[in-house]
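In my numbering, the protein residues as written are 565 to 1108.
Since the hints were made in silico from the structure, they are not lab data.
On a predicted model such as this, the values are computed, not experimentally measured, just so you know.
Please note: incorrect hints may appear among the correct ones.
[Said to hold, decoys possible] Below, in silico cross-link-like pairs of lysine-lysine (BS3-like), each with a Cα-Cα straight-line distance of 30 Å or less:
1) 926 with 655
2) 878 with 582
3) 720 with 878
4) 720 with 876
5) 715 with 880
6) 655 with 878
7) 661 with 715
8) 582 with 661
9) 989 with 663
10) 726 with 663
11) 720 with 951
12) 926 with 715
13) 926 with 713
14) 582 with 715
15) 880 with 726
16) 951 with 878
17) 661 with 951
18) 715 with 951
19) 772 with 951
20) 582 with 726
21) 655 with 713
22) 655 with 876
23) 663 with 720
24) 715 with 655
25) 951 with 880
26) 663 with 951
27) 951 with 582
28) 582 with 774
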Amino acid sequence: MTSQKRKKIKIQDVNAIKFNIPIWLSVVLISLWFYTVIIHYFPNHRVSLPFANMPDSLSVIWGLIRIFFNNITSIFWFSALLVISYRAGQKVINWLKIKINGLEYIIFCIGVGFGLIAYVMLTTGILGLLYRTPIRLVVIALTVILVWKIKLPSVKEDIPEKMGFVWWLLIVTTILFVLLNGIMSLMPEIFYDSLVYHLSCPSFYLIKHKIVPMEFLSASSYPLNLSMIYQLALCLDSESLAKIIHFSTGIFTLLLIYTNTKRLYSAKTGIISAALFYSIPIVAMNSWTCGNDIGLSFFFALSFFSFVNWLKEKEKGYFILCGIFAGVTFGTKYTGIFSIAGLGVALLVVLLRYYSFRDAMKRILIFGLIVFMFIIPWLAKNYAFTKNPVHPFLHGVFGGQNLKNFGGGGEIMITPLNIFNFSLKEFLISPWTRTVEGNDSLTFIGPLFLLFFPLIFIIRPYKQEIIYMFICFAASYIFWFMGDPSYRFMLPSFICLSVITGWAVTSVAQRIFILVWVFLVFLIMNLFVVVGIADAGHLYRYIT
565 MTSQKRKKIK IQDVNAIKFN IPIWLSVVLI SLWFYTVIIH YFPNHRVSLP FANMPDSLSV
625 IWGLIRIFFN NITSIFWFSA LLVISYRAGQ KVINWLKIKI NGLEYIIFCI GVGFGLIAYV
685 MLTTGILGLL YRTPIRLVVI ALTVILVWKI KLPSVKEDIP EKMGFVWWLL IVTTILFVLL
745 NGIMSLMPEI FYDSLVYHLS CPSFYLIKHK IVPMEFLSAS SYPLNLSMIY QLALCLDSES
805 LAKIIHFSTG IFTLLLIYTN TKRLYSAKTG IISAALFYSI PIVAMNSWTC GNDIGLSFFF
865 ALSFFSFVNW LKEKEKGYFI LCGIFAGVTF GTKYTGIFSI AGLGVALLVV LLRYYSFRDA
925 MKRILIFGLI VFMFIIPWLA KNYAFTKNPV HPFLHGVFGG QNLKNFGGGG EIMITPLNIF
985 NFSLKEFLIS PWTRTVEGND SLTFIGPLFL LFFPLIFIIR PYKQEIIYMF ICFAASYIFW
1045 FMGDPSYRFM LPSFICLSVI TGWAVTSVAQ RIFILVWVFL VFLIMNLFVV VGIADAGHLY
1105 RYIT
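Construct all of the structure, not just a fragment, from the sequences and the given hints.
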């Protein structure tokens, strides 16, 4: 920071953590809280062994081999896109002079590359150049050129060492989530939103060889960064490639949470934090589809951890990258505004604390302009097609055809806005009620956050970056609750909560180690639940 009023932000030592109350009382209170959650949560969410319909091992092995070879072409094209994305992102990261190492560097490069692909495909569509054969030839040529002399950084420092048996069980359990989601992502697409617009819009544009108005599909006016990447996937191969891409963004998010949190705190905190996020049932169910919520979470994770890295390193490149990825997030889905607004609030608090008011306002304006640069292509497209830059919203102001008002959104939205029916009581108890009652792809987050987040209230001092993470999540939660309060619409913000909760769990576990085993038990329960959902989606039938 160049301001004379700058203060240095210190990353506190994990060993400085103290308990607010005696250990024995902490154990009693934690036990009572767990008991309370269990007796209210699990009657609504029965956990059973999900292996009743599982075929024999030989059938499973042959089935997986068959699935792999049936998708070998998609895997080839995906590998090509990874090479292109990594090398393109590498140029941008190096140009910004950002010092990142290991696996985190690889993921940031791929994230930048995915963002570039989205806007290149948007430009290609606007210019009317959506032709499969030329695009395939360009991708092949770029892959051959860029794979030559490709260099990957060492990831040795990212590998956890000297950990007890329970920590490796946590890693194995998380890997099982990854394997399950990977298998499910190779099933034929049946997700409604994917068939209606995530895939249908780019498919229609490919037929027309150009991005043109889709007059009877208002969803075609949403920001569609991820669908632009799917557009390239459909040019090269099929929906299978698109599904692999979306699934991969979940893996990259998982690894990014781990690597960044490990660098900030410890490998154990990274493992807990990453497992917390990736075990959310909504994350699993959306990883199986060509939706956009996992990709949205990936781009937000890149923005969020750029913010966290900027807090620590004070490099201008991280600040710019935070704004870029926030813009790409907003350009992926309108609901990304909930998480971006929360991040903006946290950023503003930091700026006001460590800069003069004038400098803080200058920097928050720069951040906003960077974000706006990446959403403006979608606003311009909407205005050109409908005369409404935020179509189908604000139709009462800009006008719109065949838009139905319902649920209290009035002339602002075509979906209900909770702000018109706000209840302070409902807001305050919503973390409890929505967790206990959530049971579908919009609301099902599992019990882990409800069980373990309150641990943060029995320890001190709070790390400064943890405080800013909490501000980010809390502000996002408020904006989200005022809007359309289904947990899927603020899924990216759970990345913040995962790190906070992971830090709390590992801090408390320094004195109450059995807590890690308890966490493992509930993580396995989440796995059983997700396998059960996959079984209901004909997992075993697909394998065999």
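Okay, the hints, checked on the actual structure:
Only pairs whose Cα atoms come within 30 Å are accepted, and residue 926 paired with residue 655 is accepted, the gap being roughly 28 Å. The hinted pair formed by residue 878 and residue 582 meets the criterion: a straight-line CA distance of about 28 Å does not exceed 30 Å. A C-alpha spacing of about 26 Å is found between residue 720 and residue 878, which places the hinted pair at or below 30 Å, so the restraint holds. With a C-alpha separation of about 22 Å, the suggested pair residue 720 and residue 876 falls inside the 30 Å cut-off, and the hint holds.
Between residue 715 and residue 880, the direct Cα distance comes to roughly 25 Å. Compliance with the 30 Å bound is thereby established for this hinted pair. Annotation: proposed proximity of residue 655 to residue 878 holds, straight-line Cα distance about 21 Å (limit 30 Å). Among the hinted pairs, residue 661 with residue 715 is consistent with the structure: their alpha-carbon atoms are about 17 Å apart, no more than 30 Å. Restraint check: the Cα-Cα separation between residue 582 and residue 661 comes to about 38 Å, which exceeds 30 Å; the hinted pair is violated.
With a C-alpha separation of about 46 Å, the suggested pairing of residue 989 with residue 663 is violated against the 30 Å cut-off. For the hint linking residue 726 to residue 663, the alpha-carbon distance of about 27 Å falls within 30 Å, and the restraint holds. About 53 Å separates the Cα atoms of residue 720 and residue 951, which puts this hinted pair outside 30 Å; it is violated. This hinted pair does not check out: residue 926 and residue 715 have alpha carbons roughly 38 Å apart, beyond 30 Å.
Taking the CA atoms of residue 926 and residue 713, the gap is near 42 Å; set against the 30 Å cutoff, the hint is violated. For the given pair, residue 582 sits about 44 Å from residue 715 by alpha-carbon distance, which is inconsistent with the 30 Å threshold. Under the criterion of a C-alpha separation no larger than 30 Å, the hint pairing residue 880 with residue 726 is inconsistent with the structure, at around 35 Å. The suggested pairing of residue 951 with residue 878 is violated, with an alpha-carbon distance near 42 Å, which exceeds 30 Å.
Only pairs whose Cα atoms come within 30 Å are accepted, and residue 661 paired with residue 951 is rejected, the gap being roughly 40 Å. For the proposed pair residue 715 and residue 951, the alpha carbon gap of about 47 Å is over 30 Å, so the pair is violated. Proximity of residue 772 to residue 951 is assessed by CA-CA distance (about 22 Å); at most 30 Å being required, the pair is judged to hold. This hinted pair checks out: residue 582 and residue 726 have alpha carbons roughly 24 Å apart, not beyond 30 Å.
Distance hint between residue 655 and residue 713 is fulfilled; the C-alpha atoms sit about 14 Å from each other, no more than 30 Å. The straight-line distance between the Cα atoms of residue 655 and residue 876 is roughly 23 Å, inside the 30 Å bound, and the hint therefore holds. For the suggested pair residue 663 and residue 720, the alpha carbons sit about 17 Å apart, so the restraint of at most 30 Å is met. At roughly 13 Å between alpha-carbon atoms, residue 715 and residue 655 fall within 30 Å of each other, so this suggested pair holds.
With a CA separation close to 37 Å, the supplied pair residue 951 and residue 880 exceeds the 30 Å bound. Pair hint residue 663 plus residue 951 does not hold up; C-alpha atoms about 43 Å apart against a cutoff of 30 Å. With a CA separation close to 58 Å, the supplied pair residue 951 and residue 582 exceeds the 30 Å bound. Distance restraint check for residue 582 and residue 774: the Cα-Cα separation of roughly 60 Å exceeds the 30 Å cut-off, and the hinted pair is therefore not satisfied.
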